[in-house]
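J.: Residues per chain are reported as follows:
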Amino acid sequence: DGGITQSPKYLFRKEGQNVTLSCEQNLNHDAMYWYRQDPGQGLRLIYYSQIVNDFQKGDIAEGYSVSREKKESFPLTVTSAQKNPTAFYLCASRGTVQETQYFGPGTRLLVL
Amino acid sequence: KNEVEQSPQNLTAQEGEFITINCSYSVGISALHWLQQHPGGGIVSLFMLSSGKKKHGRLIATINIQEKHSSLHITASHPRDSAVYICAVNFGNEKLTFGTGTRLTIIP
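Chains A and B, in that order, give the protein sequences. Quick note on this note's numbering: the first sequence kicks off at 1 and runs consecutively. Quick note on this note's numbering: the second sequence kicks off at 1 and runs consecutively.
Please note that a few of the clues may not be correct.
Chain A regions said to be covered by chain B (calculated; three or more residues, Cβ under 8 Å) [stated by the list, open to error]:
#1 45–53
#2 78–87
Mimicking DSBU-like on lysine-lysine, the simulated pairs with C-alpha atoms at most 30 Å apart in a straight line are [claimed, not checked]:
#3 A/K57 to A/K83
#4 B/K54 to B/K95
#5 B/K53 to A/K70
#6 A/K57 to B/K68
#7 A/K9 to B/K95
Selected chain A positions facing chain B (in silico; Cβ < 10 Å) [said to hold, decoys possible]:
#8 P8
#9 F12
#10 A31
#11 Q41
#12 G42
#13 D59
#14 R68
#15 E69
#16 L90
#17 V97
#18 Q98
#19 T100
#20 Q101
#21 Y102
It should be emphasised that the hints constitute simulated quantities derived from the structure, not laboratory data. Where a beta carbon is used, it is the ideal one built from N, C-alpha and C, also for glycine.
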């Protein structure tokens, strides 16, 4: 089955701790995206990558970092610099520009 | 400023009713997307359109480029249609700008 997987489903972060959210796709898509969703707000773009070994900041990149070493993987690290990390994080990927984005099931991050 | 507005924010209807959700945007776009988010959080793409009308089963999406407006219609609504429906647009680039969503509840 082709699709996008995210893990874990729930993640707990302690104060001052970095945590990494996994996103893997087997759709052979070049472009991948990370979004953050907060209650009452639309999804906001954190980072995106159009090709391996390249990525760009989105609208709310501060406190986050990413890597794109493999086409199928786009992990997101929430650093200790992100002061309000509690949110629902969604990963997406896209093939050609004419195609829509496919979303993963999401990871809910909570701060202890 | 590139903005996307949806209405209504919340919609409750009886099973079988015809549902309309609206989306307006501020400037020209290259494409508009309708997405469905289930209670568990997963998002599914319903439609991607840049003009005219698309239909899939009981779902119909229309877009009026001149008026910068799109509608999502659900015919013969069913409780399993209960979800958050999200409008998102490409303002001439590959990044998506999202509306805040419409929470639809269909009562049996």
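J.: Could you run down the list of hints and mark each one as holding or not?
T.: Taking the hints in turn, this is what the structure says about them:
{"no.": "1", "hint": "45–53", "result": "holds (count 3)"}
{"no.": "2", "hint": "78–87", "result": "violated (count 0)"}
{"no.": "3", "hint": "A/K57 to A/K83", "result": "18 Å, holds"}
{"no.": "4", "hint": "B/K54 to B/K95", "result": "22 Å, holds"}
{"no.": "5", "hint": "B/K53 to A/K70", "result": "38 Å, violated"}
{"no.": "6", "hint": "A/K57 to B/K68", "result": "28 Å, holds"}
{"no.": "7", "hint": "A/K9 to B/K95", "result": "25 Å, holds"}
{"no.": "8", "hint": "P8", "result": "13 Å, violated"}
{"no.": "9", "hint": "F12", "result": "17 Å, violated"}
{"no.": "10", "hint": "A31", "result": "7 Å, holds"}
{"no.": "11", "hint": "Q41", "result": "6 Å, holds"}
{"no.": "12", "hint": "G42", "result": "3 Å, holds"}
{"no.": "13", "hint": "D59", "result": "8 Å, holds"}
{"no.": "14", "hint": "R68", "result": "15 Å, violated"}
{"no.": "15", "hint": "E69", "result": "21 Å, violated"}
{"no.": "16", "hint": "L90", "result": "6 Å, holds"}
{"no.": "17", "hint": "V97", "result": "6 Å, holds"}
{"no.": "18", "hint": "Q98", "result": "8 Å, holds"}
{"no.": "19", "hint": "T100", "result": "4 Å, holds"}
{"no.": "20", "hint": "Q101", "result": "7 Å, holds"}
{"no.": "21", "hint": "Y102", "result": "7 Å, holds"}
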